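J.: Chains as they are written, first to last, in the working numbering: chain V, 1 to 640; chain S, 641 to 1004.
Simulated from the structure, these hints should not be mistaken for lab results.
Here the structure is a predicted model, which means the values were calculated and not measured.
By construction, the Cβ of each residue, glycine as well, lies at the ideal position given by its N, Cα and C atoms.
Check each hint, because a few of them may be wrong.
[Claimed, not checked] Footprint (simulated), chain S over chain V, 3 or more residues, beta carbon under 8 angstroms:
# : region
1 : 306 to 312
2 : 357 to 366
[What the hints assert, rightly or not] Under the rule of at most 30 angstroms between Cα atoms (straight-line distance), these lysine-lysine pairs were calculated in the DSBU-like manner:
#  : chain 1 : residue 1 : chain 2 : residue 2
3  : S       : Lys721    : V       : Lys415
4  : V       : Lys423    : S       : Lys721
5  : S       : Lys721    : V       : Lys537
6  : V       : Lys537    : V       : Lys415
7  : S       : Lys729    : V       : Lys343
8  : S       : Lys729    : V       : Lys537
9  : S       : Lys721    : V       : Lys343
10 : V       : Lys420    : V       : Lys537
11 : V       : Lys343    : V       : Lys423
12 : S       : Lys721    : V       : Lys420
13 : S       : Lys729    : V       : Lys423
14 : V       : Lys415    : V       : Lys343
15 : V       : Lys343    : V       : Lys537
16 : V       : Lys343    : V       : Lys420
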Amino acid sequence: MSSTTEQTGYAGRPRQRDGFVGWITTTDHKKIGVMYFITVLVFFALGGIESGFIRWQLAQAEQNVLTEEIYNQFFTMHGITMVFLVVMPLSAAFFNYLIPLMIGARDVAFPRLNAFSYWVYLFGGIFLYSSFALGGAPNGSWVGYAPLSTDAVSNMAFYAVGLNILGVSSLAAAVNFIVTILNMRAPGMTFMRMPVFVWMALVTNFLLLFALPIIAVALFMLNVDAVFGGQFFEPATGGDPILYQHLFWLFGHPEVYIMILPAMGIISEILPVNSRKPLFGYAAVVFAGAAIGFIGFGVWAHHMFTSAIGPVARSAFALSTMFIAVPTGIKIFNWVFTMWGGKLRFNTPMLFSIGFVSMFTIGGLSGVTHAIVPHNAQQHDTYYVVAHFHYVLFGGALFGLIAGIYFWFPKVTGKMMDEKLGKWHFWTWLAGFNLTFGPMHMSGLLGQPRRTAVLPGELGSTVELYNLLSSLGFVVLFGSALVFLYNLIDSTRNGEASGDDPWDARTLEWITPSPTPFENFHVVPTITHRDEFWHRKYAEDEAGRAIPVPAGAAEDPDAGAEHDEHIHMPDPSYWPLVQTLGFFPFGYGLVYGNFLLIGLGLAWLVIGMYGWIIEPVAEGDDDEPDDAEQVAPTATAGAH
Amino acid sequence: MREQSHTRRRRRTPVYLGVFAAAAVILAACGDAEQNALDPAGPFAQAPHDLIIPVAWIALAVFIFVQGLIILSVVRFRTRKDDDGSLPKQIHGNTRLEVIWTVIPAVILAVIAVPTVQGIFEVMEEPEDYLTVEVIGHRWWFEYYYPDYDIYTANEFAIPTDRPVRLEMTAADLARSPDLGVIHSFWVPRLAGKQDLVPGQTTFLNIQADEPGRYLGQCAEYCGVSHANMRIRVEAYEEADFDAWVEAQTQPAAVPADGTVEAEGRDLFLELGDGRLACASCHQVWEGDGDRAPQQGPDLTHLLSREEFAGAIHDMTEENLREWLRDPDSMKPMQYEVNGIGMPNLDLTDDELDALVAYMLSLD
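Isolated chain V, as found in the complex:
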C-alpha cells in the first residue's frame, strides 16, 4: 500500500505490507494470527521435547536419565509451556484469524494492540526460556506453590515475572476481542446469530479479563517474596502459604475453561458442517458455555481438597464441582445429537472433532470422580490427575484446536491439507494419546505421585509396566506429530487448491475468497440469519429438508450495496514491537532485583507508549473519505 497522503510527525509509519518489515510491523489480524500459530508450533516442539525426557526418565524404575534438578525444571517448563505458550496462544491464533471474519469485520477493534499482544507473548516466551541459559529454568512446578517458589533455588522469579508478562499479552488481547465482538459485528449480526465459536471466544475473553488480574496479583506477591523479601506467604512472619493457593486457583480454574472453551467453539462449527445439518440446540450450547464460565469461578478450591481447608469448604466445593458437570454434559449431548440424523463426512477435521467429544467425555467423567472428596485425597497429586487433565487439555482442547487447523487451513492458504496424511495423523494421535495417558489413571491409583523425578521400584512391576506403556505412547505421539508437521509444511507448498468454500460451510468466513483477501470482505455483508452463508446457499422446504438455492434466484442481501464504500484498513506500525522490547529490561530487572534495569524497562515502555500515541495515520484524517481510493488494496485486488 503506497499512500500518497502526506505523513506528519517525526516518526512515520512503515509503508510496506509485505516482506520481513511487513510482517514485523503488521497490524493485520490475519498475519498476527499466522504469527501466533507459527510461534505456537515452536513452543509446542519445546514442550513436547521436555515431555519426551520426562517419559524417558520414567520409562523404567529408578532411572536417572536426567538429574532430579534438571527433571524438575523440565516438568515445570513442560506445564508452563503447554498451558501458557501453546494452548492459550493457539486459541488466540484462532481468535485473531476468525473473529473478524466470522462477525463480518475487516479487523479487530485495536489492531496495534493486537500486534502488541503477539509481541508480548513471543517475548514473554523467550524471556521464560532464557532462564535455561541464566542459571536454570524454574523448577517449582507450574502451580508455583509458595513458600517453595519463594526460595531462590527454585528459580521461580522467572516464572512469576514471565507469566505476568504473558498475562499482559492475554489481558490486552481479551479487551481487544471483547470490544471487537461487541462493537464490530456486521449489520444484522445479533448476538443469537453469532457463530458458537464467537460466543465461546467472548466467554473465554471475559474469563481472561476477570481471572488474569487475580493471578497477576498472586505472581506479583510471589515475585516480591522471592526477590525483594516481601514475606506475603512466609508463615514465620505471619504470611500465609495457603493464600497463594487460593489466588492461584481462583485464576487457575477459570484458566481450565479458558483453554477448553475455544476448542468447544471450534468443534461446534465443524460438527454441523460435516453432519450437513445445523448445530443441535444452539441456544443450549451457548448458554451452557456461559454457565460454565460463571460456575468456573466457583470451583477453585477443588484443587485444594487436601490442603488446609475444613470440611464445610470441602463440601461446598464438592457440590459446585459436581454442578459444573451439568452444563458440560449438555454440550456433549448437543454435539452428539448434531451428528444424529445427519449425513456425516469423515474428513480429518470431523475425525478430530469426534475425537474431542469422545476423549473429553473421559476427562469429564474422571473430573467428576475428583469431586468425591474423600477419595480425591487418594487421587490428588497422583498420575490419575495427570491422566485426567491430559484427557481434558490434550484429548479435549488440543484435539479441538487441531480439528480447527485442518478445517480453516484452506481459508488461510487457499489449499487443502492432505487428507490421507491427516487421517494417519488422527489415528496415530488418538492411539498414541490413549496409550500415553490411559495407563496413567491406573499408575496413579496404584500409588505413583506426580512431579517425582524417580519412579520408585517399590511401587511394583505393574506400575512400571504402565509407565513403560506411557513412554511408548509418547513415541507414537512424536511420530504422529512429525506426520502433522510434514503435512502442514507440504500442504502449504503443494496442497490441492481448495476453492473458496471446500466444506460447504455455514458461517461468514467462507463467503469471502480463500485465502482471505487483505480487506476480508469487499462488501461488508448484511446478516439475516444465523449460519448466514448456509442460508444464502440453501433454503428449507416444508419437511425441514434443505434444498439448494438455484444460482441467481436468491436475493443477494448485499446487492446494491455501495461497492465503492470506503474501506478503512489499519496501518502498519513499528511501535508495538519497539515498545514491547522494553519488557526485557523490565523483566530481568524484576528477576534480579536490579532497579536500574527496572527503571530502564519502565522508561522504554512509557516512551514506546508515547511513540504509539503520537504516531501519524498514514491514511490521513479519518474524516476525509475522499482519500478512499488511495487506500484500496493493490496486492489482493485481483483475487476476486
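Once you've looked at the hints, dock chain S against the given chain V.
T.: Below, chain S alone, put in the same frame as chain V:
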C-alpha cells in the same frame, strides 16, 4: 464413496485394540503394588474406597452410554455409498431432550453428593481413643514425635493395629520453626487419603491399620529437588508388639565402652574438629541426660531400629551408611551448599568414616 467404507474399516481396528488394551490394563491391576490406593487396609482408607466404587460404576455406565451414542451416530449416519447427495432433515434442537439431559445428570449428581458430604465430615472427625503422633515434614524427610512417650523417629514410625492414630502435622525445615519450611503431603494410600503439611499451621489426618505389616507411602506435594526421595514407612504392630517397640524406643542410647572404635566414632559425632560442623549440631543421640529435643536432622538414638534411611530410599547397610557419610549428595540430591538444606559433605577421612559408621551401627 469407496473411501467411506475404508474409513469405516479403519475405525474398527483401534476400537478392538482399545478393548484389548483396557482389558490388559484392568487385569494387570492386581499384582505387587504396595502403595495401592485401591487396596485399603484400614477404615480411613476403606470409607473413601466404598464411596468411589459405586461412583466408578455410574461413571462407567455414563461412559458406555455416551461413547455408544457416538459410535452409533457415526455408524448409522455415515454418508452411504448410494447417497443421493440430498441434505438431511435440518433439525435445530429439541427442548424436551435438553430438559432431559439437564435434569437426569443433575439428579445423578445430587444422589452422589449426599454420601460425599457425609464422608467428608466422617473421615475428618476426631476419632475416639486415638494415639497422637506429631508429623513434621522437612526437606526431604518426615519426622515423627510421640508426645505420649517422648519418642522421636524419622522416615519410619510404628502404630498399633485396630486403633485410630491421629496425625498432627506441620512442616518445618529447622526444628519446629516455621521458617524456611515448605508444603509437603502425607500419603500412605492403604491407610488413608493424603493431607498436606503446611508450615505455620497444623493439619490433621486419621490413619488406622487393621492388620500388622509395613505400609508404604511417600510425600505427595512437590517440595523441591528430592521430592521423589521422601518416603514414608508405617510399621503396624499388634498391641503387645507396639508396646515393646515403645519400650525399646524410650530407652536411652547405649554409650560405647572406652577405647573401642565405636567410642572413637562417638567422639567424632560430638566434635568433628577442623572447623567442620559436628554431627551432634543437627542430630541427636539421646543418652538419658536431659530432655530428648527436636533437632534439625533425624534423631539417631535408635537408628538401627529402622530398616531404611535418607528419606527411606536406602537400606540401612554398612556400605550405604558409609557412602552416605562420605558424599551424601551422591545418595540423595540435597541443597546444603546453596540453601543450607539437607546433609552437608563433611570431608571425612577414611578413618573417621570407619569410626562413625561403627558408632552408627551400634545405635540399635
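J.: Which hint numbers does the structure go against, in order from smallest to largest?
T.: Going through the list in order, the structure violates no hint and respects every one.
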